[in-house]
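S.K.: These two chains come separately, so use the hints to put the complex back together.
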Amino acid sequence: MTPGAVRFARIYRALLPFLSLAVVLLVFLLVDLFTNGGMRNFIKVMNPENLMLVANQNVIIALGALGMTLVIINGGIDLSPGSSIALSTVVIALCLKSGFSSSVALLAGLGTGASIGLLNGAIITRFKIVPFIATLGMMSIARGMAKLLSSEQKINVPDPNSEIWLKDMLYGEGLGPFSNGMVTLVVLALALWAVLKYTVFGRYVFAIGSNETAARLCGLRVDGQKVLVYMLAGLFFGAAAVMEFSTLGNGDPSTAIGKELDIIAAVVIGGGSLSGGKGSVLGSLVGAYIISLLRNGCVLYDIPNPVQEIVTGVIIVAAVTIDQLLLRRRS
Amino acid sequence: MKLPDTAPASFSPGFLSLLLSLLLFSGCGGKQDDPLEKTLRIAVIPKGTTHEFWKMVHAGAIKAERELNSAGAQKVEIIWKGPLKEDNTEQQINLVRTFVLQGVDGIVLAPLDKTALVSPVREAAARKVPVVIFDSGLDAEVGKDFATYVATDNYRGGVLGAKRLGEVLGGKGKAILLRYQVGSESTMQRENGFLDTMKKEFPDIELISTDQRAGATEEQAYRKSQNLLTRFKDEVNGIFCPNESAAAGMLGALRQAGLNGKIKFVGFDASEKLVQALGKGDIDGLVLQNPINMAYLGVRSVIDHINGKKLDDYVDTGVQVATPENMNTPQMKELHSPDLSKWLDN
Chain A
1 MTPGAVRFAR
11 IYRALLPFLS
21 LAVVLLVFLL
31 VDLFTNGGMR
41 NFIKVMNPEN
51 LMLVANQNVI
61 IALGALGMTL
71 VIINGGIDLS
81 PGSSIALSTV
91 VIALCLKSGF
101 SSSVALLAGL
111 GTGASIGLLN
121 GAIITRFKIV
131 PFIATLGMMS
141 IARGMAKLLS
151 SEQKINVPDP
161 NSEIWLKDML
171 YGEGLGPFSN
181 GMVTLVVLAL
191 ALWAVLKYTV
201 FGRYVFAIGS
211 NETAARLCGL
221 RVDGQKVLVY
231 MLAGLFFGAA
241 AVMEFSTLGN
251 GDPSTAIGKE
261 LDIIAAVVIG
271 GGSLSGGKGS
281 VLGSLVGAYI
291 ISLLRNGCVL
301 YDIPNPVQEI
311 VTGVIIVAAV
321 TIDQLLLRRR
331 S
Chain B
1 MKLPDTAPAS
11 FSPGFLSLLL
21 SLLLFSGCGG
31 KQDDPLEKTL
41 RIAVIPKGTT
51 HEFWKMVHAG
61 AIKAERELNS
71 AGAQKVEIIW
81 KGPLKEDNTE
91 QQINLVRTFV
101 LQGVDGIVLA
111 PLDKTALVSP
121 VREAAARKVP
131 VVIFDSGLDA
141 EVGKDFATYV
151 ATDNYRGGVL
161 GAKRLGEVLG
171 GKGKAILLRY
181 QVGSESTMQR
191 ENGFLDTMKK
201 EFPDIELIST
211 DQRAGATEEQ
221 AYRKSQNLLT
231 RFKDEVNGIF
241 CPNESAAAGM
251 LGALRQAGLN
261 GKIKFVGFDA
271 SEKLVQALGK
281 GDIDGLVLQN
291 PINMAYLGVR
301 SVIDHINGKK
311 LDDYVDTGVQ
321 VATPENMNTP
331 QMKELHSPDL
341 SKWLDN
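Line order of the protein sequences matches chains A and B.
323 is the number that the working numbering gives to position 323 of the first sequence; each next residue is one higher, with no gaps.
34 is the number that the working numbering gives to position 34 of the second sequence; each next residue is one higher, with no gaps.
Just to be clear, a hint being listed does not mean it is correct.
As the list claims (entries may be wrong) - Reference excerpt, derived from the structure (chain A facing chain B, CB under 10 Å, subset only):
#1 GLN57
#2 ILE60
#3 LEU300
Claimed, not checked - Each computed SDA-like pair below joins lysine to any residue, with the alpha-carbon atoms no more than 25 Å apart:
#4 LYS342/B with ILE303/A
#5 LYS85/B with PRO304/A
#6 LYS147/A with GLN181/B
#7 LYS342/B with VAL307/A
#8 LYS114/B with SER254/A
#9 LYS273/B with SER186/B
#10 LYS144/B with SER119/B
#11 LYS55/B with SER254/A
#12 LYS97/A with ASP139/B
#13 LYS55/B with ILE257/A
Unchecked claim - The calculated label-pair distances, taken between Cβ atoms and stated as ranges, are:
#14 LEU340/B with ALA194/A: 52 to 58 Å
#15 GLY313/A with LEU340/B: 24 to 30 Å
#16 GLU77/B with LEU282/A: 37 to 43 Å
#17 PHE178/A with SER209/B: 53 to 59 Å
#18 LEU190/A with LYS273/B: 52 to 58 Å
#19 GLU334/B with GLU309/A: 30 to 36 Å
#20 ASN36/A with VAL142/B: 53 to 59 Å
#21 GLU52/B with LEU190/A: 45 to 51 Å
#22 LYS333/B with GLY313/A: 35 to 41 Å
#23 VAL195/A with GLU52/B: 49 to 55 Å
#24 GLN276/B with PHE178/A: 54 to 60 Å
#25 GLU77/B with LEU26/A: 24 to 30 Å
#26 VAL31/A with SER341/B: 28 to 34 Å
#27 GLU67/B with GLY313/A: 35 to 41 Å
Because the hints were derived from the structure by calculation, they are not lab data.
We treat Cβ as the ideally placed atom computed from N, Cα and C, and that holds for glycine.
Isolated chain B (complex conformation) (with noise of 0.2 Å):
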C-alpha cells in the first residue's frame, strides 16, 4: 500500500472516503519506500533529555546525521527521543517497543537498566531492527541481540586519573579515593581501574580511605566529603572522586575547609563548576568522557551495520585528562565546554 506523500490537503467528500476507505485497508501495509532513495530513520534514545550530558549525546547523533547527509550516499533522519520522566526505566521500554513497531531502520539506545532493557532489545532483534547499546552496557550477547557496544572505557578513565593524581603528588604521599554509590557499573570500574594502578605504578602512595561512598546527589557527597576532611585533612595529600557530583561534593567540602589547593584532587567529568575550579587551580585534572563523540559513533556504527559492515563488539569513545595547563587547549575546550549551539539551534 503506498501512499502519495504530497496529497494535497482537501477535505472534499469524495476525496476523504477515499482517504477513509484507504485507511481501512492499509492494516497491514508494510514497508512502502524504494530502497534506493529510502531515509534511514534512526531512533536514538537517550537516558533522559535535560541534563548536561545528553544535551551533549544530542549533539554528537545530529553532528552525525548532518555529516552523513552531506557524504549524499545515503539519507539519513535521526529521531531524538528520551523518556518523558528523566531516568523512567518503564517509559524507556515503552519507546523501544513502539519505534520496533514502527519499524525505524536502526535503534541506538543508551540502557536506564541493563536487564529490564534485554526483552524489548530481543524484540527488536527478532523484527530484524538493529539496536546499538551506547553509554551503558547491556547484560544481552553483542553480536546476536545488538550490533555493538559504544562506551567509554571506564576502567581506563580510572587509570588516568590515578596517573594524574601519582603525577601531581610526585609518586608520594597518602591519598584517598572516595567512590560513587553502590551498583553502579561505570563508576565501579573507574573506581577499579584507579585502584589498580595506583597500587602497581605509584607503590608509595599510601591509600588511606577506600570504602566510602558519596551517594547518589551532589549534597550527600559533600556531607560524606566534610566527614572525610574532618579526619584526614592533617594527613592526606590526594584525592580522586569517580564522578560528576561526588567530585562536586568534594570540591564544596575542600573549600569550606579552606583546604582547596592544598589537597591535590582529580575529579571525573566537567559540569562548569568543575571546570571553572580547574581554571583556578582547585582541581589538578578533570578526567573526560566524550559523550558528543559517543552518540556520534553510535549513529555511525548503527548506520555501518544497516549497511553490511562488520562490527567489532565494543567502540572506545576515548578518555582524556584536562588539567590546568591544557585545559584552554581547542581541543579540551571541545570536550569539556563545547559549543553546543551550532548543532543543536532548533
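So that you can see chain A by itself, here it is in the shape it has in the complex (with noise of 0.2 Å):
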C-alpha cells in the first residue's frame, strides 16, 4: 500500500460508522416516503427526546462495546459478556440485599466483571485454548454461577425507595438534560480513547492484535498483555451489568442472554476487525448507537421483530462488505 492509500484507509475507517449510520436514517426515511407519503413516522425518530431515549437505552451495549473493542483490537473475542453481566446482576443484588451500601455493591458488581475476565485471559494464556472455545466455556459457567448463586431465581432488593442510588446509575439526572448512565458512558469512552491512543499499553494492545509472533519477537510480554486486556474488558462488562441492575431492580440470572452477539455486533459495525489489530472507541460507540436506533426505529415504524431482526444481521453484513469491497480496491 502507499501512503496515500494507507491515509485514505485510516480516514475512510473512521468515517464508516457514520456512514453507516446515514444509510440508516436514509433507509429510516425513504421507507417512511414512501409507505406513507410522508415524515410522520421519521420526524418521531429525529425527535431529540427520542434520540436521547435511544442514547439511554444504548448505554449498556455501549459500555460492552467498549470492553469488546479493546478484546477485538487485540485479536481475540469473548463471548462471556452476556452471562459475565447477569452474573454481576447477581452479585450486585445479594451485596444489597444483605444490607451492604450501593458503593460496597458497585465494587463487588466491578470486581465481579474483572474476575470473570482475568479468568478468561488467564485460561487463554496458561492452556493455550483460543479465546473462542475459551471465552465460549465462560459463557456456560458464568451462566451457571449465576444461577447457582441465585438458586435460579430473580434476587429482589428490597424497598424501591429507599436510598440504593445503584438503581439511579442509568436514568438518574446527571450533567444538565444528560443522564448518569450517559455521563459514565462518556467519561468511561475518553478514558479508554486516551489509554489506547497515548499509552504504551495502548500501543501494545494494537501491536499484538496486528501481528502476535512479531510482538512476541520484539519482546512483548504478549500473555501478560492479553490477561489484562480480558480484565480491563471485564470490567467493563462490570459497568454494563451495573447499569443492567439499574433497569432492572433486580438481580436477574437469566437477564443479558445473547447480548454479547449485541456488543460484537456494534464493533464489527463500528470498524472492527475480527482479525485484530484495528477498530476504534468512537466507532464502537456509533455501532452500538446504530443497533439501539434500530431497535427503536422498528417499534415506531411498527415493523415486525422479525423483519427486525433480519434487518439488523443485513446491516452488519452489509457494514462488514463494504468495508472490506473498498479497501481492497484501492489497495
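M.R.: Here it is, written out as C-alpha cells:
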C-alpha cells in the first residue's frame, strides 16, 4: 500500500460508522416517504427526546462494546459478556439484599466482571486455548454461577424507595439533560480512547492484534498483556452490569442472554476487525448507537420483530462487506 | 406542526429541502391529530411473541380492534410488539419507554417482572398515557399508576381444579399436589386455591404430598413426576398440577409407568398434547384460562378508560374446567383449541 492509500484507509475507516449511521437514517426516511408518503415516523425518530431515549437505552450495549473493542483490537474475542453481566447483577443484588451499601455493591459488581475477565485471560494464556473456545466455556460457566448463586430466582432488592443510588445509575439525572448513564459512558469512553492512543499499553494492544508473532519477537510480554486486556474488558462488562441492574432493579440470572452478540455486532459495525489490530472507541460507540436506533426505529415504524432481526443482520453483513470492498479496490 | 399525510413522494430538490427544513423545526412537534377523527393507537405488549399462549393473546387484541372499529364510534389501531428475545425484561422496559415517548394513546402490558416494570409504568402515568396491566400483576398502585388489572382469577382456577379432582375421586382417596417452581405468583395462588378447597370441601381426601416442585421445564417436571410416582404409586388416587409444563411432565411419567387412566389427573392450561390426552381419558380435567378474552378485555378497558369510564380495579377474565365429557362443545373448543386463523391471517 502506498502512504496515500494508507491515509485514505485510515480516514475512511474512521468515517465508516458514521456512513452506516447516515445510511440507516436515509433508509428510515425513504421507507417513510414511500410507505405513507410523509415523514411522520421519521420525525418521531429524529425527535431530540427520542434520540436521547435511544442514547439511554444504548448505554448497556455501548459499555460492553468498549470492553469488546479492547479485546477485538488485541486480536481476541469474548463471548462471555452476556453471562458475565447476569452474574454481576446477581452479585450486586445479593450485596444490597444483605444490607451492604451501594458503593460496596458497585465495587462487587465491577470486581465480578473483572474476575471473569481475569479468568478468561488466564485460561487463554495458560492453557493456550483460542479465545473463542475459552470464552465460550466461560459463557456457560458464568451463567451457571449466576443461577447457582441466585438459586435460579430473580433477586429482588427490598424497598424500591430507599437510598439505593445504584438504581439511578442509568436513568438518574446527571449533567444537564444527560443521564448518569450517559455521563458515565462518555467518561469511560474518553478514558479508554486516551489509554489506547497515548499509553504504551494501548500501543501494545494494537501491536499484538496486528501481528502477535512479531510482537512476541520484539520482546513484548504478550501473555501478561492479554490477561490485562481481558480483565479490563471484564471491568467494562461489570460497568454494563451496573447499568443493567439499574434498569431492572433486581439481580436476574437469566438476563442479557445473547447480549454478547449485540456487543460484538456494535464493534464490527464500528469498524473493528475480527482478525485484530483494527477498531476504534468512537466507531464502536456509533456502532452500538446504530443497533439501538434500529431497535427503536422498528418500534416507531411498527416493523414486526422477525423483520427487525433480519434488518439488523443485513446491516452487520453490509457494513463489513462495504468496508472490505472499498479497501481492497483502493489497495 | 402538521404535515400532510398524503404528500407525494417526490425528490425534486425544492421539495426535499422543504422537507428538511420542516424536519429541523419539527423537534418539538406535539400531537398533531384532530381529536374528532383521531385514531386511538394502543400498544399491546406481551411477555413474548412465539408461544401459543401469546398467539391467543394477539388474537384477542385483534378481535377487540375489529369490534371497536366496526362499531364505528372510534377508530382504534393496535400495535402488537413484544420483546425481541422471548421473556427479556430489559427489552420490555425499553419498549414501554419507547411507546410512552412516542405518545401512544394507551398501553396494555403483561409485565415480565412485577417490580422492574414499575418505573416505566409510572413514567407513562406521569405523561398521561393510561396503562392496563394484564396476565401478571405489578407492584404499583391500581387507579393511580395503572388503570386496571385484567387477569385470570388464579385462586379460583385452583378451586375449580380441586372441585373437579374431588368429583372424579368421589370425595375420598389420596391425592398429590405437584407444585410449579418457587416464586411464581400465579401458580402459587392456584396451589393455594386447590389446597384450601380440598381441605374444606373434601375432608375425606388425604393429601399425601404437597411440597414437591416440578421446576421450570417439562423435562424437569417429568423427572420429578417419575420420582413421585415411584414413591407413591401404590397409594395415590389423584393428582393435580398447577400449570402446563408440570401437567405435561406428569402426563409423560404416568404414561411411562402405565398408570395413565388409572390415577385420576387434573391439569391446568391447554396444549395440543394435553387436549389429546383429555380426549383419550388420560386426563380427567383441564382448568382453562381465557387468553383471548384477556387481551380483548385489556384493550376494551384501556379504551373505556380513555373515554372517561370508571373502571373496576380488577377485571376477571374467567376460568373453566374442560372434561372429557364437555370438551367437544363449541364453547370449550374455543378455549382449548381456538381457530386463530380468523384473527391472525396476516
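S.K.: Does each hint fit the structure? Answer for all of them.
M.R.: Evaluation of the provided hints:
1. Satisfaction of the interface hint for GLN57/A is found here, the shortest Cβ-Cβ separation to chain B being roughly 5 Å, below the 10 Å cut-off.
2. Against a cut-off of 10 Å between C-beta atoms, the interface hint on ILE60/A holds, since the closest Cβ of chain B lies about 7 Å away.
3. Because the smallest distance between the Cβ of LEU300/A and any Cβ of chain B comes to about 6 Å, under 10 Å, the interface hint for this residue holds.
4. Taking the CA atoms of LYS342/B and ILE303/A, the gap is near 22 Å; set against the 25 Å cutoff, the hint holds.
5. Using a Cα cut-off of 25 Å, the hinted pair LYS85/B and PRO304/A holds, with the two alpha carbons roughly 13 Å apart.
6. Restraint check for LYS147/A and GLN181/B: the C-alpha separation of about 14 Å stays at or below 25 Å, so the hint holds.
7. Our distance criterion of 25 Å between C-alpha atoms is met by LYS342/B and VAL307/A, whose separation comes to about 23 Å.
8. Of the pairs offered as hints, the one joining LYS114/B and SER254/A holds, with about 16 Å between alpha carbons and a cut-off of 25 Å not exceeded.
9. For the hint linking LYS273/B to SER186/B, the alpha-carbon distance of about 22 Å falls within 25 Å, and the restraint holds.
10. A C-alpha spacing of about 13 Å is found between LYS144/B and SER119/B, which places the hinted pair at or below 25 Å, so the restraint holds.
11. Taken as a hint, the LYS55/B and SER254/A pair is honoured in the structure, with Cα atoms around 23 Å apart against an allowance of 25 Å.
12. The hinted pair formed by LYS97/A and ASP139/B meets the criterion: a straight-line CA distance of about 18 Å does not exceed 25 Å.
13. Taken as a hint, the LYS55/B and ILE257/A pair is honoured in the structure, with Cα atoms around 23 Å apart against an allowance of 25 Å.
14. A hinted range of 52 to 58 Å for the beta carbons of LEU340/B and ALA194/A is consistent with their spacing of about 57 Å.
15. A beta carbon spacing of about 28 Å between GLY313/A and LEU340/B agrees with the range 24 to 30 Å that was offered as a hint.
16. Look at GLU77/B against LEU282/A: about 40 Å separates their beta carbons, and that is inside 37 to 43 Å.
17. A hinted range of 53 to 59 Å holds for the C-beta pair PHE178/A and SER209/B, which are about 57 Å apart.
18. For the pair LEU190/A and LYS273/B, the beta carbons lie near 57 Å from each other, so the given range of 52 to 58 Å is met.
19. Here the CB-CB span from GLU334/B to GLU309/A is close to 33 Å, well matched to the stated 30 to 36 Å.
20. With their beta carbons about 37 Å apart, ASN36/A and VAL142/B fall outside the hinted range of 53 to 59 Å.
21. For GLU52/B and LEU190/A, the hinted distance range of 45 to 51 Å is satisfied, since their beta carbons lie about 49 Å from each other.
22. Checked against the hint of 35 to 41 Å, the C-beta distance between LYS333/B and GLY313/A comes to roughly 40 Å, which is consistent with it.
23. Range check, VAL195/A to GLU52/B: Cβ separation about 51 Å, and the 49 to 55 Å hint holds.
24. Taking the beta carbon of each, GLN276/B and PHE178/A are about 57 Å apart, inside 54 to 60 Å as hinted.
25. Roughly 27 Å separates the CB atoms of GLU77/B and LEU26/A, a value that falls within the hinted 24 to 30 Å.
26. For VAL31/A paired with SER341/B, a C-beta distance near 29 Å keeps the hint of 28 to 34 Å intact.
27. Take GLU67/B and GLY313/A: their Cβ atoms lie about 38 Å apart, and the range 35 to 41 Å holds.
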